[in-house]
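Novice: For reference, the chains in residue letters:
2 protein chains.
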Amino acid sequence: MTTSCSSEVAALAARAREAATVLAGAHRSAKDAALLRMADALTGRTREIETANAADVAAARAAGIPAAIVDRLSLDGARVAAMAAGLRQAAALPDPVGEVVRGSTLANGLELRQVRVPFGVVAIVYEARPNVTADAAGLCLKSGNAVLLRGSSSAARSNAAIVAVLRDAVAAAGLPPDAVQLVDASSRDSVRDLMTARGLVDVLIPRGGADLIRSVVEGSTVPVIETGVGNCHLYVDADADLPTALSILLNAKTSRPSVCNAVESLLVHERVAGDFLSTALPALRAAGVTVHGSPEVVLAGKTAGVDVVEATDEDHAAEYLSLDLSARTVSSLDEAVAHIRRFGTGHSETIVTSSQPAARAFTSAVDAAVVLVNASSRFVDGGEFGFGAEIGISTQKLHARGPMGLAELTSTKYVVTGEGQVR
Amino acid sequence: MTTSCSSEVAALAARAREAATVLAGAHRSAKDAALLRMADALTGRTREIETANAADVAAARAAGIPAAIVDRLSLDGARVAAMAAGLRQAAALPDPVGEVVRGSTLANGLELRQVRVPFGVVAIVYEARPNVTADAAGLCLKSGNAVLLRGSSSAARSNAAIVAVLRDAVAAAGLPPDAVQLVDASSRDSVRDLMTARGLVDVLIPRGGADLIRSVVEGSTVPVIETGVGNCHLYVDADADLPTALSILLNAKTSRPSVCNAVESLLVHERVAGDFLSTALPALRAAGVTVHGSPEVVLAGKTAGVDVVEATDEDHAAEYLSLDLSARTVSSLDEAVAHIRRFGTGHSETIVTSSQPAARAFTSAVDAAVVLVNASSRFVDGGEFGFGAEIGISTQKLHARGPMGLAELTSTKYVVTGEGQVR
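Just so you know, the protein sequences line up as chains A and B, in that order. Using the numbering used here, the first residue of the first sequence is number 1, and each one after it goes up by one. Using the numbering used here, the first residue of the second sequence is number 1, and each one after it goes up by one.
Be careful, since some hints might not be right.
Going by beta-carbon spacing under 7 angstroms, a handful of chain B positions derived as facing chain A [to be verified]: (1) Val371; (2) Leu372; (3) Ser411; (4) Tyr414; (5) Val415; (6) Gly418; (7) Glu419; (8) Gln421; (9) Arg423.
Covered stretches of chain A, as calculated for chain B (at least 3 residues, CB under 8 angstroms) [as the list claims (entries may be wrong)]: (10) 111–123; (11) 197–210; (12) 277–287; (13) 352–364; (14) 379–389; (15) 412–420.
Over the 12 angstroms line for every Cβ pair with chain A, so calculated as not near, a few chain B residues [to be verified]: (16) Asp40; (17) Ala82; (18) Ala91; (19) Ala164; (20) Ser258; (21) Ser278; (22) Phe379; (23) Glu384.
It is worth saying that the hints were derived from the structure and are not from the lab. Every residue gets a Cβ at the ideal spot worked out from N, C-alpha and C, and that includes glycine.
Please construct the entire structure, taking both the sequences and the accompanying hints into account.
Specialist: Set out below in structure tokens:
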């Protein structure tokens, strides 16, 4: 069931398949040795990477790209060292490949084992963060997959330098350098080609903004793992401890507003709305947050002497990724759940409550990758969850849901061993 | 990320979503009670189902539909009783929903649990086997999913009768009848509508022939689980016990040639080809099998006095689903693996060997849902694997691979419980 795609992507994918075949059979020791060499090479050749990156950064500045994006694009010695540290960390993690997930001996004596195996060829499409290049290469190699990396054109020189360094290290470690390949980022065609490389690419993972993810998910014939759009809610229940609710709200909204696990929307039970908003609205203002509220919240703002912008449905649906917050009151937990069902993106949803029945009702009724009780949604992260690494946060229900570590970069294979059994 | 689709499918899906919300919170006892009522209703209203089925069968005969397909379409008391037995069996299986797949307490005291949850709304597109209607409804209900059933137009009356019976039983058991809904099968549009019902349908499972599966997989924007195309190989190694190889070959080829786990292609190491083929070719002929062979196999046929048709690449790629078999010799295990890599569909691949290194090399190198050593591929089946039920055999790598039971009809949700932790 292979679909034709451009000869360039097809050629890269064919080389990746050859490399993947070798990687699938590589022992952990060989993969870890390659990861350590990759780490050493990044630190040893930092100058080379910085030079390439400086050219990307200069071009981005000249093109008027916003400062926040230029910052994410920029590399220095510390950032390259962090990439190397990530590779060393991947080397220290257990090998997911070969894990026996399930096993039994059947009544007829057949021995059944379900074993983790690599996907084969993984493609990742991402935006202007060159550190993703090393992170994704490391996690894919550790999990026995060859990777096709399609970064942003604005990071093309940086990514080319990083990939050249990584490929040399992989080759020096005796593994096929085509385990790590860069896809031409100069046109959108290469994304389209990856999306339609059915049979050549086993899994495609888009990482980046909502538009990128939507276009990949909707247009792809290759299996996709959808990641990371988060319109995350915090619901302050009638039985919430209000200081706890405020502490979690401020952390989840302001500690890093640009990430997908930041809270974008506040729901407050009407029974505690007056009390809670009278302290929360000034605290949010002090933290630089603009609140987009329902009429009740606007009124509470007036009482508290805080300007609240009137919220529209667009606000309730927004993943701001900024110091903005939509807010409304609800008359019940059920109304909060219904609001989340309507506007949520299935990422991370939080309840603050001291009521065990309310916590149980919320965690049961809310359909999301992660549901939190009395904790900040900022913890929704593969590293925080103890996975040691993260390739992204899946917001789909198929295959993987929530933070994805190494195991989520694998498939399984059943191995059945008999002594001549027939049916 | 909801895509528009026709109002009919959208309306069914919206009702399914409401039902799914109730089912997701239903206790096992309630679901099992509904399954037992569904079973009783099928046996109690067999006459009604037979009458509807007789009309479908008559129309199919009048339309000149092949006898084998008419046979699969036909229901009698015994077949309806078997459907009811399947529902009772589903009731007896453990509930996959709520299983804690993974759990830990993090260093900061957060309690992390990964819990199985239903997908929500599952759509199944299938061909003219009315028994699938009851089987799929039962497995979806047990796993907490609402199901949209899109069967064949030739089974429309049978399916309508079965679904009416099942819905009455679900309602009588106090669960929402919209947990089981039939999609209009009179036009291809309804398949297209299901394929594009993104956000309305959580998972789409095509069951049937290769053409149906390909068109669904390639055209769908809803997540798909690809099932069941099997060009399955049997490799007779240089170190094979030849009587065992012959026994497995005959069983895997002839016990039920029309199913996806039947062997379609024979690979024989050249060192044992003379010996093996001299007995295998006459035995295959005696069993009514037509062999499509490489020149060496044609020659062996001449020696054995058995006609062998010359094989083309189309033969090596074919999923015959009939008493046909492609065959060739190989000079090594590696050549067998390379042949399987080229022509296999990733379903089930078998080696017969007494050599442990050969078994290990084959199971490691072959990339398929199931790899068998010294056993018939006819065992590749959810029932045989001890899953108690099967919704299909996945040949994709994402989410599920190989026979799919109840657990494969679920997703997971992380539940994180804290006491006010912030990051």
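Novice: Run every hint past the structure and note whether it holds.
Specialist: Here's how the hints hold up against the structure:
1. Contact between Val371/B and chain A, as hinted, is supported at the beta carbon level, the nearest pair being about 5 angstroms apart and thus within 7 angstroms.
2. Hint on Leu372/B holds. Least Cβ distance to chain A is approximately 5 angstroms, under the 7 angstroms limit.
3. Hint on Ser411/B holds. Least Cβ distance to chain A is approximately 4 angstroms, under the 7 angstroms limit.
4. Look at Tyr414/B: its Cβ gets to within about 4 angstroms of chain A, closer than 7 angstroms, so that hint holds up.
5. Taking 7 angstroms as the C-beta contact cut-off toward chain A, the hint placing Val415/B at the interface holds, the least distance being around 5 angstroms.
6. The beta carbon of Gly418/B comes within 3 angstroms of a beta carbon in chain A, closer than 7 angstroms, and the hint placing it at the interface holds.
7. With a cut of 7 angstroms, the hint placing Glu419/B at the interface with chain A holds, because the nearest CB-to-CB distance is about 6 angstroms.
8. Taken as an interface hint, Gln421/B checks out: its beta carbon lies about 5 angstroms from the nearest beta carbon of chain A, inside 7 angstroms.
9. Annotation: Arg423/B was flagged as interfacial toward chain A, and the flag holds, the nearest CB pair being 4 angstroms apart, inside 7 angstroms.
10. By the rule of at least three residues with a Cβ nearer than 8 angstroms to a Cβ of chain B, the coverage given for the region 111–123 of chain A holds, with 5 such residues.
11. For the region 197–210 of chain A, the stated coverage by chain B is satisfied: 3 residues place a CB nearer than 8 angstroms to a CB of that chain, which reaches the threshold of 3.
12. With 0 residues having a Cβ less than 8 angstroms from any Cβ of chain B, the region 277–287 of chain A misses the three-residue criterion, and the hint is violated.
13. With 3 residues having a Cβ less than 8 angstroms from any Cβ of chain B, the region 352–364 of chain A passes the three-residue criterion, so the hint holds.
14. Only when three residues or more bring their CB closer than 8 angstroms to a CB of chain B does the claim for the region 379–389 of chain A stand; here the count is 5, and the claim holds.
15. Using a Cβ-Cβ cut-off of 8 angstroms, 9 residues of the region 412–420 of chain A lie near chain B, which meets the minimum of three, so the contact claim holds.
16. Every Cβ of chain A is farther than 12 angstroms from the Cβ of Asp40/B; the closest lies at roughly 29 angstroms, confirming the non-interface assignment.
17. Chain A leaves Ala82/B outside its interface by the beta-carbon criterion, the shortest separation being 18 angstroms against a cut-off of 12 angstroms.
18. Chain A leaves Ala91/B outside its interface by the beta-carbon criterion, the shortest separation being 22 angstroms against a cut-off of 12 angstroms.
19. With a least beta-carbon separation of about 29 angstroms from chain A, Ala164/B lies farther than 12 angstroms from that chain, consistent with its non-interface assignment.
20. Consistency note on Ser258/B: stated as away from chain A, and its beta-carbon is indeed over 12 angstroms from all of that chain's, at 15 angstroms minimum.
21. Once the 12 angstroms rule is applied to beta carbons, Ser278/B is consistent with being away from chain A; the minimum gap is 20 angstroms.
22. Its closest Cβ contact with chain A, about 6 angstroms, brings Phe379/B to no more than 12 angstroms, contrary to its assignment away from the interface.
23. The beta carbon of Glu384/B is not kept farther than 12 angstroms from every beta carbon of chain A, the shortest such distance being approximately 7 angstroms.
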